[in-house]
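Enquirer: Each residue of the sequence shown is one higher than the one before, starting from 198 at the first, in the working numbering.
Please keep in mind that the hints were generated in silico from the structure rather than gathered at the bench.
These numbers come from a predicted model, not from an experiment.
Careful, some of the hints might be misleading.
Distance windows between CB atoms, simulated [as the list claims (entries may be wrong)]: (1) G711 <-> S625: 17 to 25 Å; (2) I293 <-> S475: 57 to 65 Å; (3) V265 <-> M488: 28 to 36 Å.
BS3-like, lysine-lysine: derived pairs with alpha carbons at most 30 Å apart [unchecked claim]: (4) K672 <-> K603; (5) K659 <-> K679; (6) K385 <-> K271; (7) K491 <-> K686; (8) K659 <-> K686.
Think of the CB as a built atom: it goes at the ideal place given N, C-alpha and C, for glycine as much as any other residue.
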Amino acid sequence: LSRPVADLLKRNASHLTAVTLSGNRMSQNTVNRIFRALQLCRALDELSICRNNLSKACVNSLARLLRVTRSIRKLTLNQSLQDIASLRAISEALKINTSLTELRLGEMEEGQYRCLFEALTVNETLKHLELTSCNINSGNAESLAEALEKNKGLRDLELTYCHIDDGSAEALARGLGKNSTLETIDLKRNPVTVRGVTAFCRMLRKNNTLKKALFCEVEGTEQERTSLSFQMAQDKGYSRILMTWAEPDIPPLSAAVALPAESPTELHLTNAAELNESNICALLENLATNMHIKVLSVEIGAQHSETTDALCSTLALNRTLLRLEVAIANDNSDSGLFAKVAKVLIINETLSELQLKSSEISLSSLKSIAFMLSKNTTITKLELDVARRFGTKRMAIISRAMTKNKTVVNFAVAYDTRVNRVSYRIFSAVRRNTGFLNMAVRFLTQQRLDRQAAVAFEALSKNASLLPQVMKVTKKTEEETKAAAFSAKSYIQSNYLRLAGVVRESVVCHPGTGTQIDALNHECWCAIASYLKISDVVLE
């Protein structure tokens, strides 16, 4: 098997961009041969190796690949490094590598990871590091803290399920006090209490770069949580620290949402059903006019009708939310929560991602969601996380709406759908929308400058899915992509009549006594075209 696979990789070396090896039972010689073949893949962008126990020879081949590659940006090594010696080989390669921007090392063997953290003090290219389910307490936390003091490249650090206690959190906070580049640190699913979060609050006084520190359940008595809320308010922690909120947090959090200088960028109310309803409603009222929060997640109790109304009012007024996650235990009434949310989203023009989570969705809510899909022009991702499987007839309601939708490129349910004409209808709609999006991307990148591509670009130019897709394809920054979008709009204005199919090359008029239209200068044509769309001209 090793020789055919290696030959296949070599034949596709000029354009192969991603390779995944997961849970394979191939011999170590086979894996080693594959790694050697990957050294010839100059376009390889992403390499993922999961649940493969790599031998010393394989790790050395992988390390050699990392030293010579100029293309690999994403590397995943989950459950694949057998010992610290393997980690040391990868770490040494990391000191030399200049292409890697994302590294995921999940579930490594317990031990001292100092060699990896020392590499972070040298490497300035790596932007995202994930160490899920690795033991980062005591000595490892101190080593990581020392690395964070010196590191100049990392932007995101994910440390979920890493056994980080208060002492480890305090060590990380000390390191971040001298860090000037990290923007996000994820410490969810770790046993951090009020003491650890307080250390992060104090750290924020020195660190102006960190944008988000994520915690989960923070244990503490009512008095301790009240004291923490005062500390958070004093250090403006509500703008940068996210955790499961307690009752004392809601008033100061609401005040932070109302102040642009202290507003967070995400608001998670996953336990709203357990908190005072009037305080939650006041918080949502402040969110209605907030211009900074992009993500909202909220769980509402079935009996909390005031919270439901406040949420709907907020969605009708807010103009900056990009992602919405709404959860309820059971949405089985005719006037359910999801039905009300869907009706409001018909007129919302900014939301691009929607997740609805419940054990069941009523027929009325499902019809409202379908109607919203047929009218909404901004949602690109829809997740229906429902425990109870939809019947074919109910899924058909969604599928018929999807045939009218032009923007959803990612549709998901919580279970595998049955393969039939209903699921195929949804698949076809998503494929059509994805093709339309890719056509707009090709116009923006000047790969296709015709009427069809221009129409696609015009239709999606204000859609939240366009710029991220362009950034993914071109590897450009957000600023560069926005500049390219502006240039594409200017190109349409400058070449409107040709792109619309009115003329083949340019406007030429018969000679006359007065000023003819072909005498208009470029600025005049652009001014006229700014009021028009390519689709305004209907071709026979």
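Enquirer: Would you mind marking each hint as holding or not holding in the structure?
Expert: Each hint tested on the structure:
For G711 and S625, the hinted distance range of 17 to 25 Å is not satisfied, since their beta carbons lie about 54 Å from each other. Our hint of 57 to 65 Å for I293 and S475 holds, since their Cβ atoms are close to 59 Å apart. In this structure the hint that V265 and M488 lie 28 to 36 Å apart at CB is violated, the actual value being about 47 Å. Taken as a hint, the K672 and K603 pair is honoured in the structure, with Cα atoms around 25 Å apart against an allowance of 30 Å.
In summary, the hint linking K659 to K679 is supported, as the alpha carbons are separated by about 11 Å, within the 30 Å threshold. With a CA separation close to 23 Å, the supplied pair K385 and K271 stays within the 30 Å bound. A threshold of 30 Å between alpha carbons decides the hint, and for K491 with K686 the separation of about 26 Å falls inside it, so the pair holds. A threshold of 30 Å between alpha carbons decides the hint, and for K659 with K686 the separation of about 11 Å falls inside it, so the pair holds.
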